[in-house]
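Novice: From just these sequences and the hints, can you work out the full model?
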Amino acid sequence: MKWKKLGKVFDPTKYTLPNNCKEFAQSPQTLVFDDFVRIYFSTRERDESTGKFLSHIAFVDMDKHFQHVLRISTDTVIKLGELGTFDEHGIFPVNVVRHENKILAYTCGWSRRVSVSVETSTGIAYSNDNGVTFQKMGNGPVLTSSLNEPFLVGDSFVCVYENTWHMWYIYGTRWIDNNVEEAARVYKIGHATSSDGINWKKEGRQIISDVLNEDECQALPTVVRHNDKYHLYFCYREAIGFRKNKERGYRLGYAWSEDLVNWVREDAGAGIGFSEDEWDSDMQCYPHIFKCNDKIYLLYNGNEFGRYGFGIAVLEN
Amino acid sequence: MFTWKKLGRVFNPAEIEGKSWLHEFAQAPSVLVFDDFVRVYFSCRPLPDANGQYVSYSAFVDLNRKNLFEIVNIAEQPIFSLGARGTFDEFGTYPTSVIRKGNDLMAFYAGWTRCESVPFNVAIGAATSYDDGVTFKKLGSGPVLSYSVNEPFILSGPKIRRFNGKWYLFYIAGAKWIDNNGKPEPVYKLRMAVSDDGIDWNKLDKDLIESKIEENEAQASPDVFFYNNKYHLFFCYRYSLNFRGKENGYRIGYASSTDLINWTRNDSKAGIDVSADGWDSEMISYPHVFELDGTIYMFYLGNQVGRFGFGLAKLEGELL
Chain V
195 MKWKKLGKVF DPTKYTLPNN CKEFAQSPQT LVFDDFVRIY FSTRERDEST
245 GKFLSHIAFV DMDKHFQHVL RISTDTVIKL GELGTFDEHG IFPVNVVRHE
295 NKILAYTCGW SRRVSVSVET STGIAYSNDN GVTFQKMGNG PVLTSSLNEP
345 FLVGDSFVCV YENTWHMWYI YGTRWIDNNV EEAARVYKIG HATSSDGINW
395 KKEGRQIISD VLNEDECQAL PTVVRHNDKY HLYFCYREAI GFRKNKERGY
445 RLGYAWSEDL VNWVREDAGA GIGFSEDEWD SDMQCYPHIF KCNDKIYLLY
495 NGNEFGRYGF GIAVLEN
Chain P
5 MFTWKKLGRV FNPAEIEGKS WLHEFAQAPS VLVFDDFVRV YFSCRPLPDA
55 NGQYVSYSAF VDLNRKNLFE IVNIAEQPIF SLGARGTFDE FGTYPTSVIR
105 KGNDLMAFYA GWTRCESVPF NVAIGAATSY DDGVTFKKLG SGPVLSYSVN
155 EPFILSGPKI RRFNGKWYLF YIAGAKWIDN NGKPEPVYKL RMAVSDDGID
205 WNKLDKDLIE SKIEENEAQA SPDVFFYNNK YHLFFCYRYS LNFRGKENGY
255 RIGYASSTDL INWTRNDSKA GIDVSADGWD SEMISYPHVF ELDGTIYMFY
305 LGNQVGRFGF GLAKLEGELL
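Residue numbers (our numbering), protein chains in the order written: chain V, 195 to 511; chain P, 5 to 324.
Heads up, a few of these hints could be off.
Said to hold, decoys possible - Keeping only pairs whose Cα atoms sit at most 30 Å apart, straight-line, the calculated DSBU-like set for lysine-lysine is:
1) Lys423(V) with Lys395(V)
2) Lys170(P) with Lys395(V)
3) Lys170(P) with Lys396(V)
4) Lys70(P) with Lys10(P)
5) Lys273(P) with Lys9(P)
6) Lys395(V) with Lys207(P)
7) Lys9(P) with Lys250(P)
8) Lys396(V) with Lys9(P)
9) Lys296(V) with Lys210(P)
No lab work stands behind these hints: they were computed from the structure.
Specialist: Structure representation (structure tokens):
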């Protein structure tokens, strides 16, 4: 794979965002329309009661050459959950799927814990207004913890291939006590299938092998079918010390498959790397691949986990 | 109406010495009958930590089958350890329900974690015993029954049963948290799931019984007992707020069914209530009904939801 970088296309600090959000446009994901592309992202409000962040979903509509911002959401796209629910303290990220004239969203809901910082699960919501707002199916998650995936289920990415719904997602394997920082999480990429997009059966295994070590954290899988192969991009990092140290921070990983079962990890074939002295020179994360005007694009975040926006690349071959 | 004759308190944790994990509380009793004794699983607590917060463990006491008021053995250790950091059962394992599976045993238990905006969340775990229920090995570090679209939190109070070749798990699921001026209180309702193997579960996805005293009535301990061609469901229920005293506290309710799906609630048949004085004078809760040598018994909790142990009642007359 070979990607041509088109640069950063959206900087959240230059716009007024809904829900009192400032900075952060994380995990951009698209819904493609005839004459524009709606790009959802997660942005942050400071929770005055605790000083912690609340992540909200917002969107920006861009022209199909990603040169112009046409519109930014002005209202709440998906409400955060009620007291005690899985998505009470944030939704980050969201994956929006158009299927048979329906538009649905798979959300990653965040709620805070005491002994660890957070727990997450995947929720589902529907839109009846072309993706401007979404209503949840219920107060609970559609995919969550299970016997061997004990916590931190999220980052769902959904595609329908040959009438089967496929979900790639992440699940936690352990929380590491350490004396460097608060308990650090480890998560891996899993896969589930469904006949209706609602009732899911987990495959129950880590589908992408580790390259760093067994505590490698793998996040935000995104899959595209191209030239009779499935291509899966994700980001990965070390479990500890990843926020400030470039060598330990997020970068993009890549794997391919011919059957959606066996995946060959081949980061060297990802075809995209850090720039020098630019917005994505220290970190690359939260990739999202989509098709638009017969081209394949890759949205992703750069330094500081997308604090200053996201950029885009186009597949060259 | 059924007629239960109270036989008195069977187990008082305050009388047990030398077990720091069994300081007080003996909650949610459930039995496993052996040839010579009846093993009663229950959940208990050590002293609270410096912040006043409890953890809970599950353990058992063995009672003489011929005289249920005679303790013949007490667990040396809790039957499972608490979960690793960040897991669903890091701060408690309560309640527990045990069933035989071939030569082994399976336990279903509720695991507790602590949250920031509400005090806790609960999901249901499973474990297997190869030594007649003295120790259990967890099936995984995560829950066997977790949250779903219409069961958003607090999956607790599991009671495992097998009827007609299928596994049935009766449990509670949270419906909402009431803010209660910053001291949130949960509302939960009786639910059920069905399985072929005890591991993969299909939720019925509806409340088993309607609420009676108020919309936010909290229901717990769905204890199902098959007798005289009917399924008898004893449970407990309380008001949503100010329930820690006599007035709004737990009482025992009753419903029956012939198909395990459609239940007719009729609390006036339950036939057991608080006593005029003593250890169960303010509330009674967590009923567990079982048959032993031709007699039908009920274990239940008294004041402060089992803080002072559990007692026994005996059915007089028929369970129809």
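Novice: Confirm or reject each hint.
Specialist: Structure-based check of all given hints:
With a CA separation close to 23 Å, the supplied pair Lys423(V) and Lys395(V) stays within the 30 Å bound. Under the criterion of a C-alpha separation no larger than 30 Å, the hint pairing Lys170(P) with Lys395(V) is consistent with the structure, at around 21 Å. This hinted pair checks out: Lys170(P) and Lys396(V) have alpha carbons roughly 23 Å apart, not beyond 30 Å. A C-alpha spacing of about 17 Å is found between Lys70(P) and Lys10(P), which places the hinted pair at or below 30 Å, so the restraint holds.
The suggested pairing of Lys273(P) with Lys9(P) holds, with an alpha-carbon distance near 14 Å, which does not exceed 30 Å. For a cut-off of 30 Å, the pair hint linking Lys395(V) to Lys207(P) stands: about 14 Å separates their Cα positions. Note on Lys9(P) and Lys250(P): the hinted pairing holds, with a Cα-Cα distance of about 21 Å set against a maximum of 30 Å. With a C-alpha separation of about 50 Å, the suggested pair Lys396(V) and Lys9(P) falls outside the 30 Å cut-off, and the hint is violated.
For the given pair, Lys296(V) sits about 27 Å from Lys210(P) by alpha-carbon distance, which is consistent with the 30 Å threshold.
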